[in-house]
Amino acid sequence: MRRLIVAATAVVMALSGCATTGGPASPGNSSQTTNSDLLPGLRGLQDPYPSTYRPLPAEDLAIVGGTILTGTGQRIDNGVVVLVGGRVAAIGGPDTPIPAGARRMDATGRFVTPGIIDAHSHLGVYPSPSVQATSDGNEATNPNTGQVWSEHSVWPQDPGFNRAREGGVTTLQILPGSANLFGGRSVTLRNVPSVSMQGMKFPEAPYGLKMACGENPSRVYGGRNQSPATGMGNMAGYRAAWIEAQNYRRRWEAYEAGGGAGDPPTRDLRLETLAGVLSGDILVQNHCYRADEMMLMIDLAREFGYRITTFHHASESYKIADVLAAEGICSATWAGWWGFKMESLDGIEENAALLEAAGACTVIHSDDETLTQRLNQEAAAALSAGRRAGLNISEEVAIRWITLNAARAIGVDDQTGSLEVGKRADVVIWSANPFSIYARVDQVFIDGARVHDRFDPTYQARSDFELGQPGQENH
Amino acid sequence: MRALKTLAVAAATLALSTTAALAQTIAITNGRVLTGTGTIDRGTVVIRDGRIAAVGPAVAVPAGAEVIDAAGGVIAPGFVAVDSGLGGIEVSALQDTNDLRQSSNSLSAAFDLSWGLDPDSFTLPVARLGGITRAIVVPQHPGSSGGHVHEDDTAGVGEGGLHSPGLFAGQAAAIHLAEGTDILVQPRIAMVAPFGDAGAGVAGGARGAEFTLFREILREVRLYAANRAAYDRGNLRDLMLSRADLEALIPVAQGRMPLIISVHRAADIRNVLRLAQEEGLDIILDGAEEGWRVADEIAAAGVPVLINPLANLPQSFEVRGATMENAARLHAAGVVIAIKGNEGSVHRARETRYNAGNAVAHGLPYEAAIAAITVNPARIFGLESRFGGIRTGAAADVVVWTGDPLEPLSQPTAIFIEGRRQPLNSRALELRDRYQTRTPLPPAYRN
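Residue numbers (the numbering used here), protein chains in the order written: chain A, 197 to 671; chain B, 12 to 458.
Hints were generated in silico from the structure; no laboratory data involved. We put the CB at the ideal spot given by N, CA and C, even for glycine. A few of these clues could be false.
Just a sample of chain B residues kept apart from chain A, beta carbon distances all over 12 Å, derived [what the hints assert, rightly or not]: (1) T36; (2) D52; (3) T108; (4) E227; (5) A237; (6) E378; (7) L452.
If you want the footprint, here are the derived chain A segments under chain B, 3+ residues with CB under 8 Å [to be verified]: (8) 247-254; (9) 299-305; (10) 321-330; (11) 352-359; (12) 559-572; (13) 632-638.
If we take Cβ atoms under 8 Å as the criterion, some of the chain B residues that face chain A in the derived model are [said to hold, decoys possible]: (14) A104; (15) T134; (16) F328; (17) E362.
Please work from the sequences and hints to get the whole structure.
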């Protein structure tokens, strides 16, 4: 179902998709080949804010003796994970060969998991301190702001990135807010300290398009006596926008079919993003609480020929878990959040467990700078509720809610999310079972590089904002 | 005013008499007993007539008692949610379902939220399943932790700040979470006032304005208290507050009613301590993210603190020193702390136990964490003679757990409030059951 996107930026693929084919673009293997097909006037514009991320210095490492929850649903007692060149080189039981030159790190009595992935974060766009000057997450000026990119709002000095890393978060999707029907593009970041957003940008990650169902858009715009003011206004707004996007795509196809003669159509940033969804290169990240609204969004996607990758918040996913499983749509949700608004009233702790039992892609997300530090505990609460309901879900399965499934929900599961040979060496070592409230994150590795160590101040990052402030030594 | 007070007291008394269970004797055996002040590795708790009749390692099971075997599990006091909105809010974003805030021009300190409590709130059974059996419900103000402050949901809405008519948000109430038509334990148990950024905002934008105004109001309350007759005759100079507010503040000014002050940065805490000392106020600090920096001064003043131990981000300039070590450091300095739930302890009050667990993970001794959600809040609000711990004579607020109650993987298996067994159910669980089942007819025909 899911398209594998390798070494291509979403924008390149979006444009190549509409420039060369009538249907969804075929899975690209290289941005270079599609690049050469692009029209001269667009060359060089496809990845205007490219990732400059480079892994931090790493040594080859063998983490031995710990209990490994692999992220693929396996549990290995007294396991070994070997990290070489920033990748997982080997994983297995105590007999796993350790290459010469790899330093051994003892994890006896501790737990080892993939790096935690937060599929729904506003770090950087709603940073700490929470002040108007940097409250940059919602371009609430039009119901369709497909032209805005959350990466242009990210403040890399948000101390929240450091706290999240201390909680094991190695990758996060930063989304625009949900004031609009189309809130703009998301960006996926490696959780490393950087002076620039580009220095955090996940090189191979696809873009997402934030869409929002329900109360927020109709309240925000209805409150201004604009459309959408109602649920039906929301739907009319999405449909009008997709029709526009289809027309835009056709204009570029016609231009391409004419061999590039005449003036090219005028670029439209808003429609480029939507066209990128239609070509399958940009993933739909759809804020939607209610089951009935999710069902409408599924029909909407069918009407216009795109697919929804993930429903976010998805408080009522459990009511349509079989549909979501059949559609292959992930639900990114909480365990404990409910009742803060009408559309979250039916949120239940068992949502994740019921989705898991139905075979649907289940993700625990944060949407919150505090919760993101303890996604393991939120997963534990969800697991506990499932067990209370008689669902026999293991911890090695539940860890996927915050690792591999979260990676799938944002389109990076070919890169990270599980401890499998060849994948990025994003690893967390926990002091105890991460489903215990007392577990602390001891060490965090991103691409094999130690980016946090609870016992070594050398590996405890502080943002510029945190300098000169009391109490930095302990968070 | 006096008539109102009498009525409310009568209501509270009635609540107590109806909740005192007449049921049979219950013995919970073989569990690890957390008393709130200590631990009994393997003990028995006997409940009779709504109270704890006995507790200990070698307590005999009375003849005819219903026995609950808690082997392998834990017997703990019911938890007390502080800084809570339980029973006062149904859906946070729906103003019509929120009885914890008001914006009358003539009322602030006199606001008595106990009239707005809803025993049928969906929030109560959900919190109960998290082990919460009592709560201190507080009025909301611009600096309170109540309500959902999620970016997505406030985007583009003009109601960014909560309007408050004065320096005082109103008066808190104690409730229990037992099933029934009355949850009130004690109305007007404390006064609430925001300081720091929020208080400064209410006072006109600066801390110096708030402290000055606050002192002036206390002066006027005392003037009013000493000259009620003149006031009634119209022979007293104009006062800033309404008569109802002045009345409500008399016990505060006289140090007879505790004043919950939400305050955050170290310098503000120090100023508040000085203010309380000079004015003879009985205060409780709420928030106190930088409390650890002045922990010795707080301890010396004998002032208790309500904290959320998860607060570790500089979410405003007044909490730049926020750290997860706060709970441990305050406790080590000798400060009596109570640990709060999340987001105003309404829908997420059940996370109180996780917050206590996180405080333990960051250095707070385990028994101190249990105390911080049981006996300490009871003591802070002057209710320790009635409930809070498992000890002979206390109200039988007892929860039996499958394991350590601070662990998410533990769940309650029996809940008693004043000796009455509570159903292990909630609307959320009914939703779960409805959608976990498969029947030929639509879900609407299930359970």
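Now the hints, each set against the structure:
| no. | hint | verdict |
| --- | --- | --- |
| 1 | T36 | 29 Å, holds |
| 2 | D52 | 19 Å, holds |
| 3 | T108 | 10 Å, violated |
| 4 | E227 | 31 Å, holds |
| 5 | A237 | 43 Å, holds |
| 6 | E378 | 15 Å, holds |
| 7 | L452 | 15 Å, holds |
| 8 | 247-254 | violated (count 0) |
| 9 | 299-305 | violated (count 0) |
| 10 | 321-330 | holds (count 5) |
| 11 | 352-359 | holds (count 3) |
| 12 | 559-572 | holds (count 6) |
| 13 | 632-638 | holds (count 5) |
| 14 | A104 | 4 Å, holds |
| 15 | T134 | 7 Å, holds |
| 16 | F328 | 6 Å, holds |
| 17 | E362 | 6 Å, holds |
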